[in-house]
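**Student:** Taking the hints into account, I'd like the entire structure generated from these sequences.
Protein chains in written order, with my numbering: chain A, 1 to 287; chain B, 1 to 546.
Quick caveat, the hints were computed from the structure, so don't treat them as lab data. Remember, it's a predicted structure, so these values are computed and weren't measured experimentally. Every residue gets a Cβ at the ideal spot worked out from N, C-alpha and C, and that includes glycine. Any given hint might turn out to be false.
Label-pair restraints from in silico Cβ distances [as the list claims (entries may be wrong)]:
#: 1; chain 1: B; residue 1: Gly-522; chain 2: A; residue 2: Gly-44; range: 27 to 37 Å
#: 2; chain 1: A; residue 1: Tyr-40; chain 2: B; residue 2: Asn-359; range: 18 to 28 Å
#: 3; chain 1: B; residue 1: Leu-424; chain 2: A; residue 2: Gly-185; range: 32 to 42 Å
#: 4; chain 1: B; residue 1: Ala-507; chain 2: A; residue 2: Val-31; range: 18 to 28 Å
#: 5; chain 1: A; residue 1: Ile-59; chain 2: B; residue 2: Pro-491; range: 46 to 56 Å
#: 6; chain 1: A; residue 1: Ser-139; chain 2: B; residue 2: Val-104; range: 41 to 51 Å
A few chain B residues facing chain A, derived, Cβ under 10 Å [unchecked claim]:
#: 7; residue: Val-143
#: 8; residue: Ala-274
#: 9; residue: Lys-277
#: 10; residue: Phe-286
#: 11; residue: Asp-438
#: 12; residue: Trp-505
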Amino acid sequence: MRRDRETFKVHNPWPTIGWGMLAGVAAVSAVLGFGVLSRYQENGPTLDLWNAICRGLGIGADTAPAAAAQPTLHTPSQIAWTPATLDQIASGNAEHGSAIAMNCAGCHGNGGLSVQTQFPTLAGMDTAVIYKQLDDYRSGKRVSQVMGAMAQALSAQDSADVAAYFATQPGGLPALSGYRIPKSGRSLRESDPGKRLVYAGAPQRGIPPCSACHGPGGFKLGAPALQGQHATYIERQLGEFAQGRRANDIFEQMRAIAKQLTEEEMRALGAFYGIRDSQSAAALTPP
Amino acid sequence: MQNTSRLALYHYWVAFATFLPAVVLGAWQMLMRSPLPAPLDDPSAYYVSVTLHGSVMAYVVTTFFAMGFGYAVTATSLERPIRGGAAAWIGFAICLLGTAIVAVIVLAGRASVLYTFYPPLLASAWYYLGALLLFGGSMIWVVLMIYNMAAWKRDNPGKPVPLPMFAITATALLWAWSASGTIIELLGLLLPAALGLTTQIDAGLARTLFSVTLHSIVYFWLMPAYIAFYTLVPQAAGGRLYSDMMGRLTFIMFLVFSLPVGMHHLFADPEHGAGLKFIQSFLTFFVALPTLLTVFSICASLEIAGRARGGRGLLGWIAGLPWKEPMVLAVGLSLVMLGLGGFGGLINMSYAMNSMIHNTSWVTAHFHLIFGGAVVIMYFAIAYEMWPRITGKPLRSKTLACVQLWLWFVGMIVTTIPWHITGLMGQPRRVAVFDYRDPFVASMGPLVVVSVVGGVIMLISAIMLIVILVRSQLGERRLEAPLRYALALNPPKTVPASLNGFALWNAVLAVLMLFAYGYPIGQFFVLKSKVPAYEVTRPSTVVGAR
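**Tutor:** Structure representation (structure tokens):
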């Protein structure tokens, strides 16, 4: 019995068996994984051992930049959701933003509560959304003479500040929470086309549910909440995405989706999410 | 013994009381995915339901069952009261609190991240806190199992630890190793992000850490079933265990081989190199060794029993077995499902073949057959065996118990065979709604409807289980037979220390884990691969305002 207590001594049969099997398994699997499997490539020459090991570890030669000349890069936006961008947005100063926002009140209303249907309500809009749109206007990725000039007058920090201001204004777009209580009629069996598109999408056309990004319920970074927005504004943006006049959606998802929507569907979506002119005057006039 | 009995009974009741609602959710999910109309047809409700069904079945039912089983086995196999009873109750309370938090926060729709909670999707911090309490509370159980075995060894120097105690300690160690991955992920990545202390999260690192848990947890679920195979089944069949030594080797091999294999869940992930994935694929095949050893041992033990009962000829011993005994029936049905599911699993873990069925309903079918089928049916049988011993109140009807087991088996087969086929056709898993107007999707419709029928059969079976247990509990007390474990054909007088303890095997496992996971985890401390996390229910205005 005592002999077997010496777990790490090699003259002991069980430890010898255990460590021997471990070494054998490790050696065989490493040789097969790095010496055999990683050497052969589908469309390229067989690698030498050193490159095969690197490839097996995930740092292979095929990660180096390609030698051929690259075509000019066209991007829908200059924003990428990097930690640096997010830190910049998070550093927004709402107090400074309120001073900048005085320039916006003419169209977007006091406190971002727009009363004119062609201008979107900004109150309660997510900081990242406002920051990205301002950057896109500044770089010309989203085209508008007025907003282009406005945005060019702002620095990146100004954009973050004004975004922080509008995001915290009450009475506009709702925060995307509190809509998670299950309700019937949100699947593909729903007959109302607007509701069906919002909650279930249209899989045959490759259209995901709107609510996955724009709420109610779902949320994706960079996508605005739509409830409480002007219905006319929503319909017009869908039309512009469909015709490619607005093209600052990073992965072209809005262009791909809007292109496939019928006019009735766009109106149904506007009706689902948005508020109409008659409602807006009553609901959005600041006290 | 009184305290231990109550301890085991409370754990069992939590396990089965949460089991029934989780089966109801499962049945509704199948209806939701099918072409048939489902009540409450809301896709977001589906993800709430999947999260709760998975969390309860994978973490709550199994952990509570294994803990209760562990306490019962410790007291009965060592034939003395369990040491550290107070700590055990504290562990029970912590786990129960964690379970309650998880249930409430998932039902509130704040944690629809599925039970694998892969970032950058982020749930409410309460969900992770609940999971942490559940995992952490069960570590008290782990310590108690090791402590009880060590104390017994100290009091009985030179004697072999009884096989059930040895096996349950292996289970506890396996769980400690397994849970370490998720506990580190929760403490190091998910909770800081959910609490807003960090805005970015390393999704690759989180998935890799979770993979440490992801496959070995399955063996933690399996272990009570295997312990029953070795120590209860031969006794119930009226025979003897074929080999005690083989049992010890099996449990040691499960401990060593079930851990460095989890990356076979990440074959389609970009963050690891092909060579590293292959190593864990290769290591996964070694888990077949203890499984095949077990199948051999159990068949041999059953043959001993069958021949002792008068079975003759090459296969006559099978007919000689007492098939009206729930434990014997369960092991027969369990081995059939283990076989079917196991062959499906060979496809999953093969580096190349996996890509045919990765993330399809084939995978769902595989783990439902193995866990929901082979393992859970043994949980039922263990409950039927232990309930009368703990409460002193026998089952009212063994026939009803056998019918329940048959229904569960039939339901599971009817559910999972169509899933295997639709998986091969390419039906993705974890999808709430399918557009059955599409001709290709429509061709899967009839198969999905068949699987719903299986789900209903299982729901009936689960209700019967609770009815049988409640009927037994409410019955009159007239049985005082202590639980007896199967004796080996040649009971061991002495065993080598290496097969009577785990020091060597823990050391071997530590080196093997370093070999399999050292580079895959270490690389993240060099790579800059963090991405923004996003909560499922909250916009980032909160981040901005902060």
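**Student:** All the hints need checking, so say for each whether the structure fits it.
**Tutor:** Here is what the structure says about each hint:
Evaluation of the 27 to 37 Å hint for Gly-522 of chain B and Gly-44 of chain A yields a pass: the beta carbon distance comes to about 28 Å. Take Tyr-40 of chain A and Asn-359 of chain B: their Cβ atoms lie about 26 Å apart, and the range 18 to 28 Å holds. A beta carbon spacing of about 33 Å between Leu-424 of chain B and Gly-185 of chain A agrees with the range 32 to 42 Å that was offered as a hint. At about 24 Å, the beta-carbon gap between Ala-507 of chain B and Val-31 of chain A stays in the expected band of 18 to 28 Å.
For the pair Ile-59 of chain A and Pro-491 of chain B, the supplied restraint of 46 to 56 Å holds, since their beta-carbon distance comes to about 55 Å. At roughly 46 Å, the beta carbons of Ser-139 of chain A and Val-104 of chain B sit within the given window of 41 to 51 Å. Against a cut-off of 10 Å between C-beta atoms, the interface hint on Val-143 of chain B is violated, since the closest Cβ of chain A lies about 21 Å away. For Ala-274 of chain B, the suggested interface contact is upheld, since its CB lies about 6 Å from the closest CB of chain A, less than 10 Å.
A distance limit of 10 Å between C-beta atoms decides the matter here; for Lys-277 of chain B the minimum to chain A is near 8 Å, and the interface restraint holds. Of the supplied interface hints, the one on Phe-286 of chain B holds, with its beta-carbon coming within about 7 Å of a beta-carbon of chain A, less than 10 Å. Nearest Cβ of chain A to the Cβ of Asp-438 of chain B: about 5 Å, under the 10 Å cut. The hint holds. The criterion of a C-beta within 10 Å of any C-beta in chain A is met by Trp-505 of chain B, whose closest approach is roughly 7 Å, and the hint holds.
Figure legend: structure checked against the earlier numbered hints; the only hint not met is number 7.
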